[in-house]
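> One letter stands for each residue in the lines below.
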Amino acid sequence: MSGGFALWTRRYAAMIRNAWLVNLQYRASIVLWVLWGVTEPAIALGIWWAIAGDGAVGGYARADFARYFFGVMLVNALTIAWDSWQLDHWIREGDLNYRLARPINPVHESLADNLAYKARSAGTILLVWLIAASVWPAVRLPLDPGRWALVAVAVSFAAAMRFFISFTTGLLAFWTTRATAIMELHAGVAMFLAGRVAPLALLPPAVATIAQFLWFPYMLAFPVALLTGAAPTTGELILGFGGQVIWLAVWIAAYRLAWQRGLRRYGAVGG
Amino acid sequence: MRDGSRMTWLRVVTAYLRLNIAEELQYRANFIASLLGTLFWIGTALLTLGLFFRHTTRLGGWDFWEVVVLLGVFNALNGVIEAVLRPGIGQLASEVRSGSLDLLLARPVDAQLLVSFRQLDLWRITDVVMGLSLAGYALARLHRTPTALQVAAFLVALAAAVVVVYAIWVALMSLAFWFVSVENLSVLFDALYEGARYPVTAYPAALRFVFVYLLPIAWTTTIPASALTGRLGPAVALAAAAVGATAFFLTRVLWRTALRRYTGASG
Numbered sequence: 008m009s010g011g012f013a014l015w016t017r018r019y020a021a022m023i024r025n026a027w028l029v030n031l032q033y034r035a036s037i038v039l040w041v042l043w044g045v046t047e048p049a050i051a052l053g054i055w056w057a058i059a060g061d062g063a064v065g066g067y068a069r070a071d072f073a074r075y076f077f078g079v080m081l082v083n084a085l086t087i088a089w090d091s092w093q094l095d096h097w098i099r100e101g102d103l104n105y106r107l108a109r110p111i112n113p114v115h116e117s118l119a120d121n122l123a124y125k126a127r128s129a130g131t132i133l134l135v136w137l138i139a140a141s142v143w144p145a146v147r148l149p150l151d152p153g154r155w156a157l158v159a160v161a162v163s164f165a166a167a168m169r170f171f172i173s174f175t176t177g178l179l180a181f182w183t184t185r186a187t188a189i190m191e192l193h194a195g196v197a198m199f200l201a202g203r204v205a206p207l208a209l210l211p212p213a214v215a216t217i218a219q220f221l222w223f224p225y226m227l228a229f230p231v232a233l234l235t236g237a238a239p240t241t242g243e244l245i246l247g248f249g250g251q252v253i254w255l256a257v258w259i260a261a262y263r264l265a266w267q268r269g270l271r272r273y274g275a276v277g278g
Numbered sequence: 016m017r018d019g020s021r022m023t024w025l026r027v028v029t030a031y032l033r034l035n036i037a038e039e040l041q042y043r044a045n046f047i048a049s050l051l052g053t054l055f056w057i058g059t060a061l062l063t064l065g066l067f068f069r070h071t072t073r074l075g076g077w078d079f080w081e082v083v084v085l086l087g088v089f090n091a092l093n094g095v096i097e098a099v100l101r102p103g104i105g106q107l108a109s110e111v112r113s114g115s116l117d118l119l120l121a122r123p124v125d126a127q128l129l130v131s132f133r134q135l136d137l138w139r140i141t142d143v144v145m146g147l148s149l150a151g152y153a154l155a156r157l158h159r160t161p162t163a164l165q166v167a168a169f170l171v172a173l174a175a176a177v178v179v180v181y182a183i184w185v186a187l188m189s190l191a192f193w194f195v196s197v198e199n200l201s202v203l204f205d206a207l208y209e210g211a212r213y214p215v216t217a218y219p220a221a222l223r224f225v226f227v228y229l230l231p232i233a234w235t236t237t238i239p240a241s242a243l244t245g246r247l248g249p250a251v252a253l254a255a256a257a258v259g260a261t262a263f264f265l266t267r268v269l270w271r272t273a274l275r276r277y278t279g280a281s282g
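Chains as they are written, first to last, in our numbering: chain A, 8 to 278; chain B, 16 to 282.
Take every hint as true, because none was put in to throw you off.
Just the calculated beta-carbon pair ranges, DEER-fashion:
| # | chain 1 | residue 1 | chain 2 | residue 2 | range |
| --- | --- | --- | --- | --- | --- |
| 1 | B | SER113 | A | ALA70 | 44 to 50 Å |
| 2 | B | ARG43 | A | ILE245 | 49 to 55 Å |
| 3 | A | SER141 | B | GLU38 | 53 to 59 Å |
| 4 | A | GLN32 | B | ALA250 | 48 to 54 Å |
| 5 | A | ARG147 | B | ALA250 | 46 to 52 Å |
| 6 | A | SER141 | B | LEU25 | 56 to 62 Å |
| 7 | B | LEU25 | A | ASP61 | 53 to 59 Å |
| 8 | B | PHE194 | A | ALA213 | 45 to 51 Å |
| 9 | B | GLN41 | A | THR216 | 43 to 49 Å |
| 10 | B | TYR42 | A | ALA261 | 27 to 33 Å |
| 11 | A | ASP61 | B | GLU110 | 47 to 53 Å |
| 12 | B | ARG43 | A | ALA256 | 38 to 44 Å |
| 13 | B | THR216 | A | LEU42 | 22 to 28 Å |
| 14 | A | ALA70 | B | TRP56 | 30 to 36 Å |
Residues from chain A that keep clear of chain B, each with C-beta distances beyond 10 Å, as calculated:
| # | residue |
| --- | --- |
| 15 | ALA13 |
| 16 | TRP143 |
| 17 | TRP155 |
| 18 | ALA156 |
With the Cβ distance kept under 10 Å, some of the chain A side facing chain B (calculated, not the full set):
| # | residue |
| --- | --- |
| 19 | SER36 |
| 20 | GLY60 |
| 21 | GLY65 |
| 22 | ARG185 |
| 23 | LEU192 |
| 24 | MET198 |
| 25 | PRO211 |
Read the hints as simulated data drawn from the structure, not as lab findings.
In this text, all values refer to a predicted model and were calculated from it rather than measured experimentally.
C-beta atoms are modelled at their ideal positions from N, C-alpha and C, and glycine is treated no differently.
With the hints as constraints, model all of the structure from the sequences given.
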């Protein structure tokens, strides 16, 4: 399938280039979205900073909180997906129609958009981090290529999972007008279970245990811990990557089901 | 504004209010959705607070129920933002871009008034009711009955807070006259306003300075909540009123300057 691979590379190169050029017109808007993504962890950091004082909370001292929430900012920017809003719009406004007429599944367009957007937004955050790290030793990370390679893999899995969660939730617009509200609900739960408000170790133990059996920690907390925490044990790595692979598979299956069923329904309404 | 126009603007506001009520009553399902959304929001905010207080007994010197009073004030103000500001002045950026602002400017009523009150999302007023109820419940848990003077100081401070929030929106949205391509300016507000969820004393000194003086969001939640719990004396209401009046005056100046620029550009 080497011919197929070359074809897909060319397709993706064209779509990402296109999305990148479209984004270029909205540079200022993207800066605002980045700022919006940064304030939530910044405020959480401010509060934990005050609570930790000169001591430590659940093993986290001030510098650990700083590293953790800088990690949240970066990993969040690298794994974020807006697709449920876009799909909701496509489905309700009928913009999906001409996309279905193209010889390529619209999911590829969304994926290319997502990658182009992240190249810009995550690049901005990385730059902010480098500037912060040059003046603030607390947020510096050890240069360990092996660890960074693991982080790259974990972030890729997390990004793929969040993309399919967002896309699948957006597909619910085939059935309901409140698909984006469901996504907001998901974001509200993720605040706690994915580790946005606090490292999972600071949650009540029962809640943290329940979280381990859901997909939330694997879409943010696990890659962040890998990036900023102590060196992981083999057991932690197996558990973390295992959870990522299993839940990614589940969400891809959910996407395929929702896409097939939804399209049948959509066709019935339009036809 | 010309002489005798006061009656006119009162009539305009009531007319828009009546129109909006008639319109919104058609969408009663939105009321339930909005109510559930608010309940969910208050739930996550309380859980977040509970999480912080698992590891501390005070936040910036405030205890749990005091911060809940503040959260109630935050939620009430959020109701005003979602009901009035976002659907009204929040649309300014896209109207400058599309040019539909011209239609409003051509009308014989003050343009700032029209832009601010023409569209309301009335169901979100439930947020105001629920926010104030939450603050009341938290006060009861504190076993603190505010005196009449404290309630009066709170109401003045809350009114000033509404004016300050309004002023911040006008200031942000006026940026659209200079940077036409930025459509999501309201995101900037959402980002900044996150900071108002907690007492300003909980933040490091530098951030505190920003929230009190540069972007005066501390005046919108911390000050009214302090007036209600008696943390600050009733005299603070006078300071709040002064800050509110200054903020309003500044937006008026900014609005006129911005509009002059807009007219200049299209003419």
